[in-house]
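Colleague: Listed here are the chains, written in short residue letters.
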Amino acid sequence: MSFVTQRPLELILARNLMSALSTPAFLVDEGGVLVFYNEAAGMMLGKRFEELGTVGAAEWGSLFGPFDEGGEPIPYDELPLVSAIRNGRPAHAELVIHSTDGASHEVEVSAFPILTAHGSQGGIAIFWPTETNGNGAHPA
Amino acid sequence: MKVKLWGTRGSIPSPGPETIRYGGNTSCVGVTLADGSLLALDAGSGIRSLGLALGDEPARLHILLTHLHLDHILGLAFFAPVFRPQTEIVIWGPASPEASLRDRIARYISAPLSPVEVRELPCDVSFRSCPETEWEIGSARIRAASVAHRGPTLGYRIDEGDSSLAYIPDHEPALGADLDTLEDDWISGFALAQDASLLIHDGQYTDAEYPAHVGWGHSALSHSLAFARRTGAERTALFHHDPMHSDDFLDGFGAEAKERWAGLGGDPAAIELGMERAEYELSAWAPQAAAPA
Chain A
1144 MSFVTQRPLE
1154 LILARNLMSA
1164 LSTPAFLVDE
1174 GGVLVFYNEA
1184 AGMMLGKRFE
1194 ELGTVGAAEW
1204 GSLFGPFDEG
1214 GEPIPYDELP
1224 LVSAIRNGRP
1234 AHAELVIHST
1244 DGASHEVEVS
1254 AFPILTAHGS
1264 QGGIAIFWPT
1274 ETNGNGAHPA
Chain B
36 MKVKLWGTRG
46 SIPSPGPETI
56 RYGGNTSCVG
66 VTLADGSLLA
76 LDAGSGIRSL
86 GLALGDEPAR
96 LHILLTHLHL
106 DHILGLAFFA
116 PVFRPQTEIV
126 IWGPASPEAS
136 LRDRIARYIS
146 APLSPVEVRE
156 LPCDVSFRSC
166 PETEWEIGSA
176 RIRAASVAHR
186 GPTLGYRIDE
196 GDSSLAYIPD
206 HEPALGADLD
216 TLEDDWISGF
226 ALAQDASLLI
236 HDGQYTDAEY
246 PAHVGWGHSA
256 LSHSLAFARR
266 TGAERTALFH
276 HDPMHSDDFL
286 DGFGAEAKER
296 WAGLGGDPAA
306 IELGMERAEY
316 ELSAWAPQAA
326 APA
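Residue numbers (the numbering used here), protein chains in the order written: chain A, 1144 to 1283; chain B, 36 to 328.
It is worth saying that the hints were derived from the structure and are not from the lab. Heads up, some of the hints might be wrong.
Unchecked claim - Cross-link-like lysine to any residue pairs, in silico, SDA-like; alpha carbons within 25 angstroms at most:
1. B:K37 x A:F1146
2. A:K1190 x B:D220
3. A:K1190 x B:K39
4. A:K1190 x B:E218
5. A:K1190 x B:T216
6. B:K39 x B:D277
Same shape as in the complex, but just chain B (with noise of 0.2 angstroms):
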């Protein structure tokens, strides 16, 4: 399974000078699996990356939305496969009581937001509610959870063959909760990120950022490094950057992070900041007895 970040930042498109290395495009992963099929994790603005290095191909891919807020989705309708009829794109996202995922959908691709209607897009494309169980994509197993964030949001867990992807890019488990002390089982989001090879995660906040900003759906590090010690993740790469966080601010924020998680027993190379165009190859992994004290 191949990984590639297309857009690692929170809440808005942040281009400019200050943001250049980690980047300004909005949530956005590529993930190209062992017998060649196509996923994108979110249609943030890296989106339109995505779509432009496709070239003409493929003819199929999935799009997995976690959720419907305007920065996960905000590229699709800039997503060059979408204008092309042989293309056959399935958009899965959190199901609703309150409307298809078609028709919430529609809200953003829709006069006087967008020049084009659902109903145009010349690209065969189907929505999908995310079923409760597991499910297959090509050659992976795919689960998704709800998570805790504002609104009906999903993480997601690819697993093929032995390695894994946890994607779980908006994510406040700390909320109301001690996740040193709570069961395994009472984490919000434990099941998907469970030993993963690769765990992309909520890294928006700084410990002295959160309080004034509880129950806005993401995490403080504190949050973000105990998550990733219960679940027993291989590698984390924190994601979702705040638009006010700068090249420079992130460069000191990681690595805070590398040495608050050798703190805690951890090797300081198994965690970092989710970099615009980075590119992992998750492979087999045994994972250790017991995750970092």
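Chain A on its own, in the form it takes in the complex (with noise of 0.2 angstroms):
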């Protein structure tokens, strides 16, 4: 018999709450693994996260880019969200990223860590598209 390693309850409760968010969000373990996105996050991206499952750390961040303002790409170490979890602070950056149909966003991201009294167990990034022509995206 094998018995499940149970995900941290901070975990749990915060995907909970990120499945009713109409907001693009992301949920990073303590490990940087990609371990959920919602619905919203899923539409940006052009891929429902049950499409994708879950994603290593320094993969992910390439799954959608992302770019500078100036379109250069972005270091994974130098994302909001590995900040975050890294410096057990709140980030905030403006950049771009693709989606699978090659549509550009810009977004406002604003990550931060999830400390317990069991130390961090992760983290969360929540994306504000910036974009005002109603759908969100731009042609590559």
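Got two chains here, each in a separate frame; can you build the complex from them with the hints?
Modeller: Shown next as structure tokens:
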């Protein structure tokens, strides 16, 4: 018999909350693995989380670029969510991401760590689209 | 492992002729291990009766608190062993960044709420925040994990030999979640209850009552049944009965639980309502390959 390794409750509750949000949101565990994103994030990326599954640290960043305002790729270590988890502090940035259909999206990202009595359990990033064309998409 | 329910009621003691069978005392479960070690799970008003039943024994016991809501600690100051200098009591509970376990409990066992202070208790009492890793008490292995409820709250799993008890009396695993479709590791409390010999689980609300209590930290019957099915517990005792639920009401509630459990493909004898003074003797069992669908 194999026993399940339980996710920390804070991640479970975060996922439950994020599932109910219409704002794109991403959840990363304490090891940096992308363990969930919600339907709104899936619509923005062009792929549902259920299709993708968990993605390892340093791999998920490349799923959607991201790029800075000058079009330069942003290194993984400089992503707001990575910074938030490593530093135990909130982080914010404006960046551009690409969805699977090639559309680009300008977003503001707010990321914060999930700190508990037992230390850091990961982090959450919420994406705020900055476009004004209604569906949040730019032509690639 | 022998298990006895000393208090099955939730929220507030509810004594009276209408609750005499299922009981009016709040949460407390006594566990006697094979080596004689004694554990009390929660210290609701039921622990008073446990204390009286113990007589002058034992010399050492452990109280495992799931959380510090009043219905789970209000019996502490009325538990006879705490007034015996020769008794050693270890109280385990959830950690909090706000204050130590001792200081948080002392808010209740102190003036003006109590005639005695924690420092005045004659017994040798110590307070320990539960570790994140499994630990041993006597002949058992103990595991605690945070579960979905209001405020820092733990569930417990006690393994002894091949038998296991899961105790999750206050639990709302379906808050914002679909228990039928979530992956196992994303269900609050799953690992505690997985294939347990006996699962003692929150059964506070009917499905009709739940919508008015979303977020209060308790389960509707549908949630309790779904959790029991998903975790594959051999036997489930629904617990933490709502103080508004009379014996007659609970008779019907229990019958509905059995009927619905059978509808899910389970054995109706494997689900019941926890009844004050009910006793269980847990032995090894072989989990089924698949839980009822």
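Colleague: Hint check: K1190 (chain A) vs D220 (chain B), CA-CA at most 25 angstroms. Holds or violated?
Modeller: With a Cα-Cα distance of about 23 angstroms, the restraint between K1190 (chain A) and D220 (chain B) holds, given a limit of 25 angstroms.
Colleague: Taking 25 angstroms as the top limit, are the C-alpha atoms of K1190 (chain A) and T216 (chain B) close enough?
Modeller: 19 angstroms, holds
Colleague: Hint check: K1190 (chain A) vs K39 (chain B), CA-CA at most 25 angstroms. Holds or violated?
Modeller: Violated. K1190 (chain A) to K39 (chain B) sits at ~51 angstroms, over the 25 angstroms cutoff.
Colleague: If you draw a straight line from the CA of K39 (chain B) to the CA of D277 (chain B), is it 25 angstroms or shorter?
Modeller: 20 angstroms, holds
Colleague: Does F1146 (chain A) sit within 25 angstroms of K37 (chain B), going by the straight-line distance between their CA atoms?
Modeller: Status holds; Cα separation ~24 angstroms.
Colleague: Is the hinted pair K1190 (chain A) and E218 (chain B) satisfied, with a Cα-Cα distance of at most 25 angstroms?
Modeller: 19 angstroms, holds
Violation of the numbered hints given earlier is confined to hint 3; every other hint is satisfied by the structure.
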